[in-house]
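K.L.:
Now for the letters of each chain:
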Amino acid sequence: MSTEGLELTPLYDVHIKYGGKMVDFGGWALPVQFSGIIEEHQAVRNQAGLFDVSHMGEIEVTGKKAFDFVQYLVTNNVGRLVDGQVLYTLMCKPDGGIVDDLLVYRLAEDRYLLVVNAANTAKDWEWINSVARDFDDVTIKNISKEIAQIAIQGPKAQQILQRCTGEDLNEIAFFYARENFPVGKFRALVSRTGYTGEDGFEIYCQRDDAVDIFELLLDAGQEDGLVLAGLGARDTLRFEACLPLYGNELSEDVNPLEAGLSFFVKLKKGDFVGREAIQKAKDEGLKKRLVGFEMLDRGIARTHYPILVDGKEIGFVTSGSFSPTLGKNIGLGFVASEYAEIGVNIDIGIRNRAIKAQVIPIPFYKREVK
Amino acid sequence: MYPKELKYSKDHEWIRVEGNKGVIGITHYAQHQLGDIVFVELPEVGDEFAVNDSFGVVESVKSVSDLYIPVSGVVTKINEDLIDSPELINEDPYGNGWIVEVELTDSSELDQLLDAGAYEASLD
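Line order of the protein sequences matches chains A and B.
Take 1 as the starting number for the first sequence in the numbering used here and just add one per residue.
Take 1001 as the starting number for the second sequence in the numbering used here and just add one per residue.
Don't read these hints as lab results, they were simulated from the structure.
All C-beta atoms, glycine included, are put in the ideal place defined by N, C-alpha and C.
Take these hints with a grain of salt, some might be off.
To be verified - In the DSS-like style, the derived pairs of lysine-lysine whose C-alpha atoms are separated by at most 27 Å in a straight line are:
| no. | chain 1 | residue 1 | chain 2 | residue 2 |
| --- | --- | --- | --- | --- |
| 1 | B | Lys1010 | A | Lys21 |
| 2 | A | Lys266 | A | Lys356 |
| 3 | A | Lys366 | B | Lys1062 |
| 4 | B | Lys1010 | A | Lys328 |
| 5 | A | Lys269 | A | Lys123 |
| 6 | B | Lys1062 | A | Lys356 |
| 7 | B | Lys1077 | A | Lys21 |
| 8 | A | Lys123 | A | Lys312 |
| 9 | A | Lys17 | B | Lys1062 |
Said to hold, decoys possible - In silico negatives: residues of chain B with every beta carbon more than 10 Å from chain A:
| no. | residue |
| --- | --- |
| 10 | Gly1035 |
| 11 | Glu1044 |
| 12 | Ala1050 |
| 13 | Glu1059 |
| 14 | Val1064 |
| 15 | Tyr1068 |
As the list claims (entries may be wrong) - Residues from chain B that face chain A, not an exhaustive set, calculated with beta carbons under 7 Å:
| no. | residue |
| --- | --- |
| 16 | Tyr1002 |
| 17 | Val1038 |
| 18 | Val1061 |
| 19 | Asp1111 |
So that you can see chain B by itself, here it is in the shape it has in the complex (with noise of 0.2 Å):
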């Protein structure tokens, strides 16, 4: 449910790292407390953020949820298959359900994320 290899955020994002760039999306937990996810509104590439910025926005049946990003960075790729499929969110949220990539802006950032223990143990 919490991949080992995976950064989180208390705001329920996930960052998998990869040199100087990180793909993000959000957790089993969030996606699950959602529910059906129906829409999703996506940044741009070459979009700018600031760690706990608002980045886009996922949308339930019921709710309308901010994505807030889990560290500074400039968008390098967005996942456009959500725009017809927001549900690959709830099937697939580590894998065909990430929502951006983004190079960091400061990887120091990183160490005020949590590991996949601690983000299991701040839930409920």
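Just chain A, with the same shape it has in the complex (with noise of 0.2 Å):
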């Protein structure tokens, strides 16, 4: 694949040496596979998986009015942080709508870190400053060319992170994060998060450590069965966790509560952007409602396929596929709300012919908690 005009990580080269297929994903060079997607997702489930996620976009947020702006800027509540803790949530455009999905780390009372998606990182670094513009004492800035991601997730990640570093990984719960952790002969922001229902951590260090940190944590997964793992299985990962992906689940034309999100919206915190718009949608009812479903024919429901009721037309899905770990084939997607019900029996529209799903349980995948 040509890469004039992408954007390349730094572990760029990496993925050319351990065979890694690449595709251009929003404007990336990235791996979208290594060995098969099926094969890394249910590694990531038994055993680990490492992924490239450098494309993440980092600003950083300081000053004396940090927590004030941060907290008017998303929808959950940074006030509930302690140093070290990590928020997932929203942040909306006045109307509610979605302007992405973002963790929120609190590294200091005066110093926060915005981990935003890769494709959403120049409009988010404009809406930031937009709404920045009411603050003083704010300093915004962004750091995603200096910071490199990497995840390694699934049971075994732990176990292996753990032979990288003589600190005590037990000291890291979920959602926290350490500054300054070592691995290796490195320094990195080590946080329990991921994005594919698995546990496991994400290693935010310098752009010229990437390379030795991921050649390091492969080395030490060799004995656990850690594999090189693509966008492709991150993708079907997320997707079974029912974790949302901005552009399918979650879009400018969608408030929170629409997505599911509720749970990440805190109407009684105090203000913040899209607090109004998204209190009356409550009040006066849903329109929409993001379900799961199940194909009770054969047949994958696919991005945009219509979901029809006798006929009329729904609703939409957000995201369809083989689930390798159900062995089904399942989806997302907006419908009236009327028929937001489990059990409720939908057809998908799949090359103009009425395909028979159901309405079922969401999220599809929840790993055992020991």
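Dock chain to chain to rebuild the complex, using the hints, since each chain is given by itself in its own frame.
P.N.:
This is how it looks when you write it as structure tokens:
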């Protein structure tokens, strides 16, 4: 593949060396797969997988008013965070449409790290700056180019990473992180988070350290069956766990409640961008809702396929796939609220035919917590 | 990777001709490019297709691709094993991963297809 005009992560050569099948992913040259999506997917569910997610955007917010600003920018309650804690949240437009979903790291009282979607980094940067205009004493810095991100995910992730550090990983709880954490001879921000539905870590390191840390982890994971995993498996893994993907489940035409993310919207925390509109949508009743469904007849639902009831279009598919873990064809999609009930029979319009499906509970996959 | 006795189309289908019948599948290159195949939509026996018509669909985890018939013909057999085991196409594209058998309408169309060497040369 020609990489002309594409952004390269510091791990590009490593992907080529290990046979990664490179694709253009929103302007980034990234591996969609190595050994095969299903094999990589199963390895992450059963052992562990190693992902390059350096394309993600990192924005640092510092200053005396950093907390006030971030609390106003996002929908979830940043006020409940302690140093080193991580929060999943949305940020919305005044009309409640989702600008992006992101992680907020409270690194210190006056220092936050926002991790945003790669494809949205430029848009988010502009949006965040426009919201920040009303705040004095806030400094915003886009550090995406300096930071690489490596994710190690799966039930064996901890024991593999533990071989590379003298510090005890048990001290990092789920959705917590530690700065300047030793990994080999390097220091990185190590975060117990991920996008696969498994236990695991995301390691934010200096761009120049990425290759060495990646190879170190790969070596350390040999005996536990650690595999290189690409964007294909990352998508099927997050899909089974029903972690939303911006551009599929989330967009500026969707509010967080419609997307089933009310847990991440704290309407009583004080004012934030979009609060009024989201409150109003809630009071008036949601028009559409995200549901999960299982195909009853043969067929795979794909993004944008229509969802039908009695031949009438009542929604659309946001993500659909064969589920490697469940061995079934399943999907997520928006339907008019009256159809958003478990057990409702729907059809998916696949190549101009109505193929039977049924609304089922989500998430499709939830790991067993020991 | 590209058996000599087969004919190939630029759309990455192969055909094995025996008398007035031909067995059709997709090439090693195609299955490799697609990745794990998880769904196949087959035509029905008796369906008639003109050359380059779409006669079915293969779906991998990430993609949906039409199958284009390399010659005109009437479907005489379909590989029903693919319904439950679409991965046969990945595992054995020229054997158990065959897709349909057709009765040729116009065997002169075979002259338009590539031999193994020409097909392989057309890749990348």
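K.L.:
Would you mind marking each hint as holding or not holding in the structure?
P.N.:
Quick rundown of the hints versus the structure:
1. Straight-line distance between C-alpha atoms of Lys1010 (chain B) and Lys21 (chain A) comes to about 22 Å, which keeps the hinted pair within the 27 Å bound.
2. Distance hint between Lys266 (chain A) and Lys356 (chain A) is unfulfilled; the C-alpha atoms sit about 37 Å from each other, more than 27 Å.
3. Between Lys366 (chain A) and Lys1062 (chain B) the alpha-carbon distance is near 22 Å, which keeps this suggested pair within the 27 Å criterion.
4. Distance check on the hinted pair: Lys1010 (chain B) and Lys328 (chain A) sit about 33 Å apart at the alpha-carbon level, beyond 27 Å; violated.
5. For a cut-off of 27 Å, the pair hint linking Lys269 (chain A) to Lys123 (chain A) stands: about 26 Å separates their Cα positions.
6. At most 27 Å may separate the alpha-carbon atoms for a hinted pair to count; Lys1062 (chain B) and Lys356 (chain A) meet this at roughly 21 Å.
7. In summary, the hint linking Lys1077 (chain B) to Lys21 (chain A) is not supported, as the alpha carbons are separated by about 35 Å, beyond the 27 Å threshold.
8. Distance check on the hinted pair: Lys123 (chain A) and Lys312 (chain A) sit about 36 Å apart at the alpha-carbon level, beyond 27 Å; violated.
9. The straight-line distance between the Cα atoms of Lys17 (chain A) and Lys1062 (chain B) is roughly 23 Å, inside the 27 Å bound, and the hint therefore holds.
10. Distance check on Gly1035 (chain B): its Cβ comes as close as 6 Å (rounded) to a Cβ of chain A, failing to clear the 10 Å threshold; non-interface status is violated.
11. In this structure Glu1044 (chain B) is separated from chain A by more than 10 Å, as the shortest Cβ-Cβ distance comes to about 14 Å.
12. Every CB of chain A is more than 10 Å from the CB of Ala1050 (chain B) (nearest about 19 Å), matching its label as outside the interface.
13. Not every Cβ of chain A is farther than 10 Å from the Cβ of Glu1059 (chain B); the closest lies at roughly 5 Å, contradicting the non-interface assignment.
14. Under the 10 Å C-beta cut-off, the non-interface status given to Val1064 (chain B) relative to chain A is violated; the minimum distance is some 6 Å.
15. Tyr1068 (chain B), annotated as away from the interface, keeps every beta carbon of chain A farther than 10 Å; the closest lies near 15 Å.
16. With its C-beta approaching chain A no nearer than about 20 Å, Tyr1002 (chain B) sits outside the 7 Å limit, and its interface hint is violated.
17. Of the supplied interface hints, the one on Val1038 (chain B) holds, with its beta-carbon coming within about 4 Å of a beta-carbon of chain A, less than 7 Å.
18. A least Cβ separation of about 4 Å between Val1061 (chain B) and chain A falls short of the 7 Å threshold, and the interface hint therefore holds.
19. Residue-level restraint check for Asp1111 (chain B) is violated (minimum Cβ-Cβ distance to chain A is 32 Å; threshold 7 Å).
Of the numbered hints given earlier, the model fails hints 2, 4, 7, 8, 10, 13, 14, 16 and 19; all others are met.
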